[in-house]
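K.L.:
Sequence:
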Amino acid sequence: MKYQVNEHGYYGEFGGAFVPEMLYPNVDNLKKKYLEIIQSDDFKQEFELLLKDYVGRPSPLYYSERMSEVYGAKIYLKREDLNHTGSHKINNTIGQILLAKRLGKKRIIAETGAGQHGVATATVCARAGLDCVVFMGEEDVKRQRPNVEKMEMLGATVIPAMSGNRTLKDATNEAIRDWINHPNETHYIIGSVVGPHPYPDMVARFQSVISQEMKWQLMEQTGKENPDTIIACVGGGSNAAGAFYHFLDDEDVELVAVEAAGLGVNSGETAATSQVGNDGIIHGSKTLLMQTEDGQIIEPYSISAGLDYPGIGPVHAHLYKTGRVKFLNATDDEAMEAVFELTEKEGIIPALESAHALAALKKMALKKDQVVVVNLSGRGDKDMDTYIRMKNEK
1 MKYQVNEHGY YGEFGGAFVP EMLYPNVDNL KKKYLEIIQS DDFKQEFELL LKDYVGRPSP
61 LYYSERMSEV YGAKIYLKRE DLNHTGSHKI NNTIGQILLA KRLGKKRIIA ETGAGQHGVA
121 TATVCARAGL DCVVFMGEED VKRQRPNVEK MEMLGATVIP AMSGNRTLKD ATNEAIRDWI
181 NHPNETHYII GSVVGPHPYP DMVARFQSVI SQEMKWQLME QTGKENPDTI IACVGGGSNA
241 AGAFYHFLDD EDVELVAVEA AGLGVNSGET AATSQVGNDG IIHGSKTLLM QTEDGQIIEP
301 YSISAGLDYP GIGPVHAHLY KTGRVKFLNA TDDEAMEAVF ELTEKEGIIP ALESAHALAA
361 LKKMALKKDQ VVVVNLSGRG DKDMDTYIRM KNEK
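Quick note on numbering: the numbering used here labels position 236 of the sequence shown as 236, and the sequence is numbered without any gaps.
FYI, nobody ran anything at the bench for these hints, they're computed from the structure. Mixed in with the good hints there might be a few duds.
[As the list claims (entries may be wrong)] Simulated restraints on C-beta separations: (1) ARG389 to SER40: 26 to 32 Å; (2) ASP41 to GLU65: 38 to 44 Å; (3) GLY129 to ASP28: 25 to 31 Å; (4) GLN45 to MET219: 21 to 27 Å; (5) ARG389 to MET219: 41 to 47 Å; (6) GLU138 to ASP249: 40 to 46 Å; (7) GLN221 to GLU293: 28 to 34 Å; (8) ILE37 to GLY264: 41 to 47 Å; (9) LYS362 to ILE298: 25 to 31 Å; (10) GLU251 to GLU48: 27 to 33 Å.
Backbone N, C-alpha and C define an ideal beta-carbon position, used for all residues, glycine too.
All chains, please: the whole structure from these sequences, using the hints.
P.N.:
Dropping the structure here:
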């Protein structure tokens, strides 16, 4: 398993756990216990039952006849948008809340960008009866208001992050500061495959249900387990990690990650980390990072709040450096075109994040019998204000 984490918490040269001394006991305890807990029979039984009866899994693998006609290939959509709370994020928060309870934690914190992870965290905390605090950049609070209202209705306290460009990176900074101040009673539910080890591995494991289902669903529909190509958007990269997980060692399966190019990769207003970043440390791990020559973080930009992050998860940095995953990118305008295309062709309104994955279809030389799965990571309810504004401007 050359693409999985090693015993030291690294994917090749990326990963590790670079944390303040105050957090070391928490991270070390998690590292020592997480595999034993999540691989136990009682955990797996409870996790799988909740995914089925609470989340609504398996999520469908839908053959898009009309998109297939447009692109001249067999296009399937993995419908994570149909999960309870509207995205793939619930897979991970269900797993982490069960883990937190077994670790005896009484208080949960989280960061969120587009708000999908925040809503998923608030949801599982409401069900578990645990206090929940969600940090969200002030800019994202404004542009993702429906999700803020959902979090508050679910009983979470939403705290706007006022530093930096007031988006996902800054929300993560604030969450880590809170964790340092409340280390004993608090579990930090990180929403992506970022942060110190064991978080990237743990989140990828919880999200791997996506590719696990994909295998048997493809067998049912096509007669073979493996597609030719899987496409997923990448900010931190949790939905992509889940969609790729069970195919990483099948080199015949083409894996495509799509980053947010913003106004263009070379515009200075982008979040395409693989193209403009280099090795650095952010939020507790070594990865690819957008930074100046003296190591100051370059503020990312994307129309999509969930992809507006200056780094990628260490697993994706490794997959990029080894060439196992092909990295493409889509601009704001290309993502918006993809939103309206899917809505018009299939009556499915995707999240802005997922639209970046859909936008890659135009950039690829697809063949007639090529089986392509696009991971539709979330639905577009939260982005309706943006869509209506853009539609009116057209």
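K.L.:
What are the numbers of the hints the structure violates, in ascending order?
P.N.:
The structure conflicts with hints 1 and 7, although it agrees with all the remaining ones.
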